[in-house]
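S.K.: One-letter residues, chain by chain:
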Amino acid sequence: MFKNIRGLFSRDLSIDLGTANTLIYVRDHGIALNEPSVVAIRTQGNQKSVAAVGLDAKRMLGRTPGNITAIRPLKDGVIADFLVTEKMLKYFIGKVHENSVIRPSPRVLVCVPCKSTEVERRAIRESALSAGARDVRLVEEPMAAAIGAGLPVQEAVGTMVVDIGGGTTEIAIISLNGVVYSDTVRVGGDRFDEAIVAYVRRTQGSLIGEATAERIKQEIGAAYPQKEIREIDVRGRNLAEGVPRSFTLNSNEILEALQEPLSMIVQAVKSALEQCPPELASDIAETGLVLTGGGALLRDLDVLLAEETGLPVIIAEDPLTCVARGGGKALELMDKAGNADLLSTE
Amino acid sequence: MTEAAESPGRTLQAARLERSFAVREVAEALNLPIDTVEAIEADQFDRLPSAVFARGYVRAYAKLLELDADALAAACRVDASEQTEVVPAARSSGLMLEPTALLGGAFGVLLLLIIAVLAIWVWPEDEQASSPLEPVATLPQRAPDDAVALASASIEPTYEDLGELAEAAPQAGQPPLAFDDGGRRITPGGDDRLEFAFTEECWVEIKSAAGRNLYSDLSRSGDSLDLVGRGPFRILLGYAPGVSMSFNGEPVALGPHTRNNVANLVLGQ
Numbered sequence: 025m026f027k028n029i030r031g032l033f034s035r036d037l038s039i040d041l042g043t044a045n046t047l048i049y050v051r052d053h054g055i056a057l058n059e060p061s062v063v064a065i066r067t068q069g070n071q072k073s074v075a076a077v078g079l080d081a082k083r084m085l086g087r088t089p090g091n092i093t094a095i096r097p098l099k100d101g102v103i104a105d106f107l108v109t110e111k112m113l114k115y116f117i118g119k120v121h122e123n124s125v126i127r128p129s130p131r132v133l134v135c136v137p138c139k140s141t142e143v144e145r146r147a148i149r150e151s152a153l154s155a156g157a158r159d160v161r162l163v164e165e166p167m168a169a170a171i172g173a174g175l176p177v178q179e180a181v182g183t184m185v186v187d188i189g190g191g192t193t194e195i196a197i198i199s200l201n202g203v204v205y206s207d208t209v210r211v212g213g214d215r216f217d218e219a220i221v222a223y224v225r226r227t228q229g230s231l232i233g234e235a236t237a238e239r240i241k242q243e244i245g246a247a248y249p250q251k252e253i254r255e256i257d258v259r260g261r262n263l264a265e266g267v268p269r270s271f272t273l274n275s276n277e278i279l280e281a282l283q284e285p286l287s288m289i290v291q292a293v294k295s296a297l298e299q300c301p302p303e304l305a306s307d308i309a310e311t312g313l314v315l316t317g318g319g320a321l322l323r324d325l326d327v328l329l330a331e332e333t334g335l336p337v338i339i340a341e342d343p344l345t346c347v348a349r350g351g352g353k354a355l356e357l358m359d360k361a362g363n364a365d366l367l368s369t370e
Numbered sequence: 031m032t033e034a035a036e037s038p039g040r041t042l043q044a045a046r047l048e049r050s051f052a053v054r055e056v057a058e059a060l061n062l063p064i065d066t067v068e069a070i071e072a073d074q075f076d077r078l079p080s081a082v083f084a085r086g087y088v089r090a091y092a093k094l095l096e097l098d099a100d101a102l103a104a105a106c107r108v109d110a111s112e113q114t115e116v117v118p119a120a121r122s123s124g125l126m127l128e129p130t131a132l133l134g135g136a137f138g139v140l141l142l143l144i145i146a147v148l149a150i151w152v153w154p155e156d157e158q159a160s161s162p163l164e165p166v167a168t169l170p171q172r173a174p175d176d177a178v179a180l181a182s183a184s185i186e187p188t189y190e191d192l193g194e195l196a197e198a199a200p201q202a203g204q205p206p207l208a209f210d211d212g213g214r215r216i217t218p219g220g221d222d223r224l225e226f227a228f229t230e231e232c233w234v235e236i237k238s239a240a241g242r243n244l245y246s247d248l249s250r251s252g253d254s255l256d257l258v259g260r261g262p263f264r265i266l267l268g269y270a271p272g273v274s275m276s277f278n279g280e281p282v283a284l285g286p287h288t289r290n291n292v293a294n295l296v297l298g299q
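Residue numbers (this note's numbering), protein chains in the order written: chain C, 25 to 370; chain W, 31 to 299.
Since the hints were derived computationally from the structure, they do not count as laboratory data.
On a predicted model such as this, the values are computed, not experimentally measured, just so you know.
Just so it is clear, CB atoms sit at the ideal spot from N, CA and C, and this is done for glycine as well.
If a hint is listed, it holds; no wrong ones were tucked in.
Below, a list of computed lysine to any residue pairs in the SDA-like style, where the Cα atoms sit at most 20 Å apart:
no.	chain 1	residue 1	chain 2	residue 2
1	C	Lys-72	C	Pro-89
2	W	Lys-93	C	Tyr-248
3	W	Lys-93	C	Gln-242
4	W	Lys-93	C	Thr-333
5	C	Lys-251	W	Arg-46
6	C	Lys-251	W	Ser-50
7	W	Lys-93	C	Glu-332
8	C	Lys-139	C	Ala-292
9	C	Lys-360	C	Pro-176
10	W	Lys-237	W	Leu-297
11	W	Lys-93	C	Glu-252
12	W	Lys-93	C	Ser-275
13	C	Lys-251	W	Ala-59
14	W	Lys-237	W	Pro-262
15	W	Lys-93	C	Glu-341
16	W	Lys-93	C	Leu-321
Examples of chain C residues toward chain W, derived with CB under 7 Å:
no.	residue
17	Gly-174
18	Leu-175
19	Ala-330
20	Gly-334
21	Pro-336
Could you put the whole structure together from the sequences, leaning on the hints where they help?
M.R.: Below is the structure:
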């Protein structure tokens, strides 16, 4: 009963609980929070407490003293550390209700990967409930991504969505408010970063951190050979000499570094097309596939996929927030239809 | 004029011809049927599967020709947003509360009642001090935000506006967004006339049926306002007792639409 009363002072939320970033969409208000899914934990004797969450905690990644550990509580789109995820959600839910005096108790919709198990989904549900939510609904990520991209999911027309997140890439074919085919590959932005770290280590004999790798990816990373070659200066620790050294990388080298994770995504897309029912395949051949998620921002990924599949490929508008926005719209659609199970999954 | 000020299709076609690409080459590069490329160049976006795909194709085409993809995609935004905004508009008209929400609402009312009773009991003199004019007093604070929104809305060239402009320019010989016969235009077409006369300071906000902000400003006592455009208009008047208004020459009674001195009405349906 108290949750119901507190619910009056809360807003409906849609949470895209991602491996790299958590986004919260507040109904009728838009995206209210976009922060890294990182929590810094301080250990004092046997006592553990939260030192920082989100952006502040991300700055600490790889730079923490002995008594603080900055961790990412989600791995591959699912909860790796239940308690820390709960703390993080509690902090984020509180943050979007900053002006509220009463402890918020919102209705929450959380987006989950297609291939997450029963146990993993239950963990997400429980975690959101413990963080103060009064009602939790789960929606599969590609469905939310498709709604967020504005695709006609309710029609009897096949649409294909490729959502490239931080930890996973979700591929789904959607028709009539349901997922016809879905696949998850554990390749995403993080794997791109790791591939860059490994490449630099192999070719330059230097070690760089993940944050540097991410910066390289954002500035000169590309999925397809570029007309103009870009360069970037980076500093890393030389493994032979043991001292920091500066060196230059160019976009062709990064393209080479990204070959392995990119080919895994291309393979997964191709296998989705192979297993697609023929009627839907013809719809997709006509309209093409839609890229969402932060990975869609990698330069010319659409060109690569268009060439490999022979289909038109479009990038959704504002791909980073598609899932969270789609979740918000899904909440509205459920209310409108008066059916809480319309798009949700168990 | 920027690239997007011309129609996106024509801009793309011109850029393609400049680079001497054939339609077939573009179609092959984008894996699109030739018909689709031709439809984009002719600005016939209704021949494409949906607004999302239309914008996606325009963006991919612009990228291929190394043009500003976002500006061109944004130029075909208006017709698309009007298609998609039908859903929220319908939602706001029909209030569908779940049983739990209704239950919650009852609890809320009960809670507020208890608080009110307590407040009267503890501070009886404070009750008289609260002024009924409070909501009106807060309204002017919103002016800067809305002014910014209005400014950005008017700078952004929209495809619909441009289509209207292209049609209207040869006949009228003047830009449709200017003042004409004393009335200020708030939409490119239509001749519905809204006239306001103010005896008190009042906030005025006018939106299109799709929720787009057409006009918002604070009017002072003694001001009058004459607006022309195509209805329906969603009108909000911050202090209704200080305004008299007419629509297409006929006076509008604000009483039935007024609550707490704030009038909310829709005209021209």
